[in-house]
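Model the placement of chain B on the given structure of chain A, informed by the hints.
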Amino acid sequence: MAKADEAAATITVEGLQALLRAIRAGGYRAIGPTVQNQAIVYDDIESVEDLPRGWTDEQDGGRYRLAHRDDKALFGYSVGPQSWKKFLYAPKLRLWTAERDGENASVTPEAPPTDRLAFIGVRACEIRAIEIQDRVLVSDMYVDPHYQAVRERALIVAVNCGKAGGTCFCVSMRAGPRVEQGFDIALTELLEETEHSFLVEIGSDEGRALLAQVPHRLASSREVEAGEAVIEHTASSMGRDMRSDDLNELLMSNLEHPRWDEVATRCLSCTNCTLVCPTCFCTSVEDTSDLSGARAERWRRWDSCFTMDFSYIHGGSVRASAKSRYRQWMTHKLATWIDQFGSSGCVGCGRCITWCPVGIDITEEVRAIRGGDACAEESR
Amino acid sequence: MPQTLKACAPPYPMAPTMTPVTRFIRESAEVFTFDLAPERATPFTPGQFNMLYAFGVGEIPISISGDSHAPERLTHTIRAVGPVSAALGRLKAGDQVGLRGPFGVGWPVEEAKGFDVLLIGGGIGLAPLRPAIYWLLRHRAAYGRVGVLYGARTPDDLIFVSELEEWRRTPDFQLRVAVERAGPDWTGDVGYVTPLLSKLRYDPADAIAMICGPEVMIRATALALEDAGVADSRIFVSMERNMKCAIGHCGHCQFGPLFICKDGPVHRYDRVRDLLAYREL
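Note that the protein sequences, when read in sequence, are chains A and B.
Just so we're aligned, residue 72 is where the first sequence starts under my numbering, counting upward by one.
Just so we're aligned, residue 23 is where the second sequence starts under my numbering, counting upward by one.
If we strip away everything but chain A, and leave its shape as in the complex, we get:
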């Protein structure tokens, strides 16, 4: 668990409460998992009392249910419908305002937010997703100033997953379940008969300074081993799996595979998969003006490659069929993303499977295109 040069610490639930207090006292707005509308929803939290104590989730293609656990786990669920994208890359954002006075107009860009957000309970796949969006929105040719402002200030308190969801396949995408980098503090929840505690790993100076403000003790070797066992159990109980080492070649050499027609008969083009996906970054803009024509605004909002408007140019939409739109989404996510940004766009979080109203399963679609009808060749 701990880096070689730094021993892991242990905190209690009270210690976690103290950690949240220290984070908020440090000027952060703490955001973490809460139970709302029968789902795990990331929202503002004030204390451990706001966390989904004793809750878990059951997930499958097109199915999501909360359920009670036998224990008082605070992070005993896998991932909910939302990702941290909602906070880093606003679903709807005013980019600028323009004013016109006679012949002269001027444009005033929207200032980036100055809030400091602390993300509590970030999973390994979600950290990977954030790093993937960084490559699109910060490290490429142009920088998105709003994303960058939130991202640079964000504190990340990660959690190693104690349970794999029914649609999880982060192991296949090498994106989890172990949190390896990109965090300030990483927790592993230990649920033992006599004690409910968290192993703490430090990922940054800021994380170290926070831990110093919280009652903690050195983790025993037994606790460290227990933490390892938690992660190993999660890794070995993935709900889905998908061979991922050859997807660029596989999909791009099968652009006319009959499976695209078949999946198009089920796909509703509803855009759910793109909205719940933690890496999907496509947006559109909407230009508006007031009735006098003196004031105008441009808004950016999440968009989806599943809409007809998305590819519209004079004469019609480039991707008029559902087949071509599903193909665009999946080949971009799993194949061309690698050419564009050096990694897959998929982290194996399973959200697109769970939240597809008809339960289309990206791992199943890949398997079909691969041509195997059994799971034998998928054993990796």
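Rather than coming from a laboratory, the hints here were simulated on the basis of the structure.
Be careful, since some hints might not be right.
[What the hints assert, rightly or not] Here are the simulated SDA-like pairs of lysine to any residue, each with C-alpha atoms no more than 20 angstroms apart in a straight line:
no., chain 1, residue 1, chain 2, residue 2
1, B, Lys-114, A, Arg-171
2, A, Lys-394, B, Arg-263
3, A, Lys-163, B, Gly-78
4, B, Lys-284, A, Ile-409
5, A, Lys-143, A, Thr-83
6, A, Lys-157, A, Glu-223
[As the list claims (entries may be wrong)] Computed, partial: chain A to chain B, Cβ under 7 angstroms:
no., residue
7, Leu-166
8, Trp-167
9, Asp-211
10, Met-212
11, Tyr-213
12, Leu-326
13, Asp-358
14, Gly-364
15, Phe-381
16, Ser-382
17, Ser-392
18, Thr-407
19, Asp-410
Quick reminder that beta carbons are idealized off the backbone N, C-alpha and C, glycines included.
Relative to the frame of chain A, chain B by itself:
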């Protein structure tokens, strides 16, 4: 903060600068040209584009159609086909347009030095090629034979008409214009541009071609050039896709692994030929 992220150079890449229109010319019933006088001239390469914003209406990508040696005057030639282009068509000198750019990869005018150069434009596709024509004329001695093919629907749809006449009279400069339909007063070629390739004098083994037009015309022309013996790596095509940001963030312009906005709009044909073969990619 877990990691240090790169600082942002231009702080608001999505914010346009309101820029005055200094000249407005009607080219044909649907097509118009205007010049913008940017406060600060930014150098551009022939084939690059700007994002133009009509106040309160919207923003569209438009290739620069003017001379790259005079970037203080930014010329755009636009066909009014949608709400934004129609609104831009209602502007007059003194009005303002929101400007962002220039964006993208332009024509390989430097790499083409020493080669015969063919420029083939269909419809409004001549507009993104005009800066390359200006460039070639200005540096004429650096190139071999130069030929321009231009196709339009009817004689009334022709743009840059007075310049076409000028280019026709220019020595060491081949120009052929074809229209798909014409009345009896049309004395030029009728049909598509591809058959006219054989009328140009050039050495296929030593030629670079630049094509802009409807995608079906691009494919047919590139195929004809390959048949004539021009290497696919020396054919360049300018492509169009829906575009909301021009900076590789909105995702709309993707074409397989390429973003038309930042990897293009000008692409080397051998890198897009296989992708162009798929419908609805």
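Verification of the hints:
Between Lys-114 of chain B and Arg-171 of chain A the alpha-carbon distance is near 16 angstroms, which keeps this suggested pair within the 20 angstroms criterion. Restraint check for Lys-394 of chain A and Arg-263 of chain B: the C-alpha separation of about 19 angstroms stays at or below 20 angstroms, so the hint holds. For the hint pairing Lys-163 of chain A with Gly-78 of chain B, the CA-to-CA distance comes to about 18 angstroms; that is within 20 angstroms, so the pair holds. Of the pairs offered as hints, the one joining Lys-284 of chain B and Ile-409 of chain A holds, with about 16 angstroms between alpha carbons and a cut-off of 20 angstroms not exceeded.
Of the supplied pair hints, the one linking Lys-143 of chain A and Thr-83 of chain A holds, its CA atoms being roughly 13 angstroms apart against a limit of 20 angstroms. A C-alpha spacing of about 16 angstroms is found between Lys-157 of chain A and Glu-223 of chain A, which places the hinted pair at or below 20 angstroms, so the restraint holds. For Leu-166 of chain A, the interface hint holds, the least distance from its beta-carbon to any beta-carbon of chain B being 5 angstroms, beneath 7 angstroms. The interface hint given for Trp-167 of chain A is met, as the beta carbon of that residue sits about 5 angstroms from the closest beta carbon of chain B, less than 7 angstroms.
Checking Asp-211 of chain A against chain B: minimum C-beta separation of about 6 angstroms stays under 7 angstroms; hint holds. A hinted interface residue such as Met-212 of chain A counts as satisfied when its beta carbon comes closer than 7 angstroms to some beta carbon of chain B; here the least separation is about 6 angstroms, so the hint holds. The interface hint given for Tyr-213 of chain A holds, since its Cβ lies 4 angstroms from the closest Cβ of chain B, which is under the 7 angstroms cut-off. Hint status for Leu-326 of chain A: holds, given a least beta-carbon distance of 5 angstroms to chain B, under 7 angstroms.
At a threshold of 7 angstroms, the smallest CB-CB gap from Asp-358 of chain A to chain B is about 4 angstroms, leaving the interface hint in force. Proximity of Gly-364 of chain A to chain B holds as hinted, the smallest CB-CB distance being about 6 angstroms (cut-off 7 angstroms). Checking Phe-381 of chain A against chain B by beta carbon gives a least distance of about 6 angstroms; that is within 7 angstroms, so the hint holds. The beta carbon of Ser-382 of chain A comes within 5 angstroms of a beta carbon in chain B, closer than 7 angstroms, and the hint placing it at the interface holds.
Residue-level restraint check for Ser-392 of chain A holds (minimum Cβ-Cβ distance to chain B is 6 angstroms; threshold 7 angstroms). The restraint placing Thr-407 of chain A at the interface with chain B holds, with a minimum CB-CB distance near 4 angstroms, inside the 7 angstroms limit. This hint holds: Asp-410 of chain A has a C-beta 4 angstroms from the nearest C-beta of chain B, less than the 7 angstroms allowed.
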